[in-house]
Amino acid sequence: MTDRLSELTAAGVAVWLDDLSRVRLSSGGLDQLRREQHLVGVTTNPTIFAKALSDADEYNWQLRDLAQRGVTVEEAVRMLTTYDVRWACDVMRPAYDASGGVDGRVSIEVDPRLAYETEKTVAEAKALWWLVDRPNLYIKIPATEAGLPAITATLAEGISVNVTLIFGLERYSQVMEAFLAGLEHAKANGHDLSKIGSVASFFVSRVDTEVDKRLEKTGSAEAKALRGKAALANARLAYERYAEVFSSGRWQALADAGAHPQRPLWASTSTKNPDYRDVIYVEELVAPGTVNTMPEPVIHAYADHGETRGDAVTGSYTEARQVFADLTAQGIDFDDVIETLEREGVEKFAVSWQELLDGVRDSLEAATQGEGQPNRAAQGHAQAAQQAGGNA
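First residue of the sequence shown? That's 364 in this note's numbering, and the numbers climb one at a time after it.
Certain hints may be false.
Here are the simulated DMTMM-like cross-link-like pairs (lysine to aspartate or glutamate), alpha carbons at most 25 Å apart as the crow flies [stated by the list, open to error]: (1) Lys592 x Asp699; (2) Lys587 x Asp638; (3) Lys558 x Asp460; (4) Lys550 x Glu482; (5) Lys580 x Glu702; (6) Lys489 x Asp453; (7) Lys550 x Glu487; (8) Lys489 x Glu437; (9) Lys483 x Asp496; (10) Lys592 x Asp696; (11) Lys558 x Asp619; (12) Lys576 x Glu710; (13) Lys576 x Glu647; (14) Lys550 x Glu540; (15) Lys483 x Glu520; (16) Lys558 x Glu520; (17) Lys635 x Asp698; (18) Lys483 x Glu710; (19) Lys483 x Glu547; (20) Lys635 x Glu585; (21) Lys580 x Asp698; (22) Lys489 x Glu547; (23) Lys558 x Asp394; (24) Lys635 x Glu707; (25) Lys489 x Glu520; (26) Lys576 x Asp698; (27) Lys587 x Asp698; (28) Lys558 x Glu607; (29) Lys635 x Asp689; (30) Lys558 x Asp453; (31) Lys550 x Glu607; (32) Lys635 x Asp696; (33) Lys580 x Asp689; (34) Lys587 x Glu682; (35) Lys550 x Asp496; (36) Lys576 x Asp641; (37) Lys592 x Glu579; (38) Lys592 x Asp641; (39) Lys489 x Asp555; (40) Lys483 x Glu508.
No lab work stands behind these hints: they were computed from the structure.
Values in this document were obtained by computation on a predicted structure and should not be read as measured data.
Taking the hints into account, I'd like the entire structure generated from these sequences.
The structure is reproduced here in structure tokens:
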């Protein structure tokens, strides 16, 4: 029987899960994916936590204890989420050790409402790093203009970073610059660069969703023929930039000091359009030294019928540029697409975060009033958060 995920791993793609819950942890489901499906990493976001909290009674004991202590809602959210992430880090520790610290990572996001505040983002990143207290943690920081110096400052503290919400090539280049500067500062500060990790989460399917919507409005046959092409072209050109930066002399100096490269992470890889192949954003983005973070159904779909045909990215750059030339010819302003996606991405996660706060607030109140099932009070908020944020 073909082990398709093993083939994907052998092609240089690290398989990560875009989901986490206490049920997944306590049932052994996460560990099973690690042992049987080649899983070597986990990402989370506020929507994922809101759903997890509403679906499981396993949070009730902690909610009751937090209610008894009279903690703030913000502190309760941090205690609940960091508990799960710490546990997940322990489950993924064998992958971390086996890969020399490259994989086996679990990501937790800073409060997305801080996306435009540099100093507060850095402060929260440091607090989360301290709270989870695991070497295989990633702190997720959005790639906004304010996030760029926060990325550098956080890495300079020796803290590993998952840069999230990257949509465009110019911003991606700025992210890699922030990474290199952060490692240079970390080295100057005396940190062991071999212990610091980073990935750059480049979003995929959301690009097609936005571009396809604009192409539909254009209405021409030429425009419709371009549907489903923008996201892959964008990601492939991002990989071209990655290859250029991480073959530079500046990078080599850091590598000689023990640093690991900041790998491209393909995020938002579940197809939003049912007309597209369900594993297209995995199959067509196979390239050495990349990460693909997927919801569990996509992992199982690839295990069932995914096809690994070797490097699908290197050498595709001319074709990718032609896609953008054709989009421009159809009147698609891709710069505006990127600005829209970044703004909406931050807004959606901020809404999800607020829904998470509201759900936890209701659960704490239910626990205080002795209603028995405090987490049930969060269900409505979690459903609203899912609609607002969705899977990455």
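Here's how the hints hold up against the structure:
1. Lys592 x Asp699: Judged against 25 Å, a Cα distance of about 17 Å means the pair holds.
2. Lys587 x Asp638: holds, 13 Å
3. Lys558 x Asp460: The given pair, whose Cα atoms are some 11 Å apart, holds under the 25 Å limit.
4. Lys550 x Glu482: Since the Cα atoms of Lys550 and Glu482 sit roughly 21 Å apart, the hinted pair holds (cutoff 25 Å).
5. Lys580 x Glu702: holds, 19 Å
6. Lys489 x Asp453: holds, 20 Å
7. Lys550 x Glu487: Cα-Cα ~22 Å, so holds.
8. Lys489 x Glu437: holds, 16 Å
9. Lys483 x Asp496: holds, 20 Å
10. Lys592 x Asp696: At roughly 15 Å apart (the allowed maximum being 25 Å), Asp696 and Lys592 satisfy the hint.
11. Lys558 x Asp619: holds, 14 Å
12. Lys576 x Glu710: Holds, because 19 Å separates the two Cα atoms, which is no more than 25 Å.
13. Lys576 x Glu647: With a Cα-Cα distance of about 22 Å, the restraint between Lys576 and Glu647 holds, given a limit of 25 Å.
14. Lys550 x Glu540: holds, 15 Å
15. Lys483 x Glu520: holds, 15 Å
16. Lys558 x Glu520: Roughly 12 Å separates the two Cα atoms, so the pair holds.
17. Lys635 x Asp698: holds, 22 Å
18. Lys483 x Glu710: Cα-Cα ~18 Å, so holds.
19. Lys483 x Glu547: holds, 22 Å
20. Lys635 x Glu585: holds, 22 Å
21. Lys580 x Asp698: holds, 18 Å
22. Lys489 x Glu547: Distance of about 19 Å is within 25 Å: holds.
23. Lys558 x Asp394: holds, 23 Å
24. Lys635 x Glu707: holds, 16 Å
25. Lys489 x Glu520: Given pair Lys489, Glu520 holds - Cα atoms ~8 Å apart, limit 25 Å.
26. Lys576 x Asp698: holds, 15 Å
27. Lys587 x Asp698: holds, 20 Å
28. Lys558 x Glu607: Holds, because 24 Å separates the two Cα atoms, which is no more than 25 Å.
29. Lys635 x Asp689: holds, 23 Å
30. Lys558 x Asp453: holds, 17 Å
31. Lys550 x Glu607: holds, 22 Å
32. Lys635 x Asp696: Given pair Lys635, Asp696 holds - Cα atoms ~21 Å apart, limit 25 Å.
33. Lys580 x Asp689: Roughly 16 Å separates the two Cα atoms, so the pair holds.
34. Lys587 x Glu682: holds, 18 Å
35. Lys550 x Asp496: Holds, at about 21 Å.
36. Lys576 x Asp641: holds, 19 Å
37. Lys592 x Glu579: holds, 14 Å
38. Lys592 x Asp641: holds, 15 Å
39. Lys489 x Asp555: The given pair, whose Cα atoms are some 17 Å apart, holds under the 25 Å limit.
40. Lys483 x Glu508: holds, 14 Å
Checked against the numbered hints above, the structure breaks none of them.
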